[in-house]
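Quick mapping for you: the protein sequence lines, in order, are chains A and B.
The C-terminal residue of the first sequence carries number 94 in the working numbering, and the numbering is unbroken.
The C-terminal residue of the second sequence carries number 156 in the working numbering, and the numbering is unbroken.
These aren't lab readings, by the way, just hints derived from the structure by calculation.
The structure displayed is predicted, hence computed values, not measured ones.
Be aware that one or more of the hints could be misleading.
As a list, the in silico SDA-like pairs of lysine to any residue whose alpha-carbon atoms are at most 20 Å apart [what the hints assert, rightly or not]:
(1) A/Lys62 with A/Glu78
(2) A/Lys62 with B/Glu124
(3) A/Lys62 with B/Trp142
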Amino acid sequence: MAQTAPETDLEQTLSWETPWVTIVWNDPVNLQQYVTWVFATYFGYSPAEAERLMLLVHHEGKAVVATGERSDMERHAEAMHDYGLWATVERGAS
Amino acid sequence: MIPWSRDGLELVARFTRVEATVLADLVEQSLRIIDDSVSAGPHSPRDPALARLLPTAYPDDDAAAEAFRSSTEGGLAARKVANAQIVLNTLHAGTVRLTPTDVQAWLRALTDLRLIIATRLGIEHDDDPGHGDEFLAEVYPWLGYLQGSMLEAMEA
Numbered sequence: 001m002a003q004t005a006p007e008t009d010l011e012q013t014l015s016w017e018t019p020w021v022t023i024v025w026n027d028p029v030n031l032q033q034y035v036t037w038v039f040a041t042y043f044g045y046s047p048a049e050a051e052r053l054m055l056l057v058h059h060e061g062k063a064v065v066a067t068g069e070r071s072d073m074e075r076h077a078e079a080m081h082d083y084g085l086w087a088t089v090e091r092g093a094s
Numbered sequence: 001m002i003p004w005s006r007d008g009l010e011l012v013a014r015f016t017r018v019e020a021t022v023l024a025d026l027v028e029q030s031l032r033i034i035d036d037s038v039s040a041g042p043h044s045p046r047d048p049a050l051a052r053l054l055p056t057a058y059p060d061d062d063a064a065a066e067a068f069r070s071s072t073e074g075g076l077a078a079r080k081v082a083n084a085q086i087v088l089n090t091l092h093a094g095t096v097r098l099t100p101t102d103v104q105a106w107l108r109a110l111t112d113l114r115l116i117i118a119t120r121l122g123i124e125h126d127d128d129p130g131h132g133d134e135f136l137a138e139v140y141p142w143l144g145y146l147q148g149s150m151l152e153a154m155e156a
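Given the sequences, and given the hints that come with them, work out the whole structure.
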């Protein structure tokens with residue numbers, strides 16, 4: 001039988017868990033075919049998912065392409081810059 | 001040019017003398033622009049194209065942006081220069097044959113080149129053909145065609 005846990009601050013606990021995100025922004029230069037290829041090649045998305053994300057970027061102006069630890073999100077942003085895409089890092093919606 | 005086609009793991013295309021010369025010249029210019037950014041100090045005026053080649057990762061947080069910039073910019077610039085160099089090493093008039101590694105470098109270098117030219121032409125929105133330099137305005141879509149042809153060949 002489990003013991004009642006001591007009082008904890010749930011919000012404090014959850015704030016450590018709020019993931020960070022990498023966002024890719026639309027730009028007028030990159031070919032749609034190229035962006036789709038980058039998403040599939042680098043992140044390993046399926047062709048269908050890569051295209052879906054590319055279209056999201058194209059129509060909405062941006063899309064979240066990854067979530068997780070801040071250091072990983074920065075690594076992904078740097079990789080996107082390697083490919084000539086523009087990516088930024090921020091806290092995900094909590 | 002004869003656009004890219006696949007031959008086993010390699011990509012093959014044919015460039016005229018004019019095309020090869022023009023492309024090599026542009027890639028050389030881009031290499032110099034990127035290379036200069038590395039040797040310039042942090043407070044030197046930067047080519048506006050660099051704002052797009054080496055963009056910020058934190059547009060709303062100056063401190064985080066600076067930390068990211070200082071830890072990534074040198075490596076990014078060095079890799080972009082290396083990609084441009086591979087293009088220069090493999091490009092020539094006539095039949096060009098690229099290994100998969102070469103192709104990776106070409107795709108990235110062509111993107112960097114398009115980003116620089118788009119900055120020069122003031123292209124800010126989708127479907128904006130840009131204005132100003134007539135030569136660049138003609139070369140820009142050709143580079144898009146070159147890159148698109150490469151991606152088509154890879155997926156063939």
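Next on the checklist: Of all the hints numbered above, which does this structure not satisfy? Sort the numbers upward.
Outcome noted: Of the numbered hints, just 3 does not hold.
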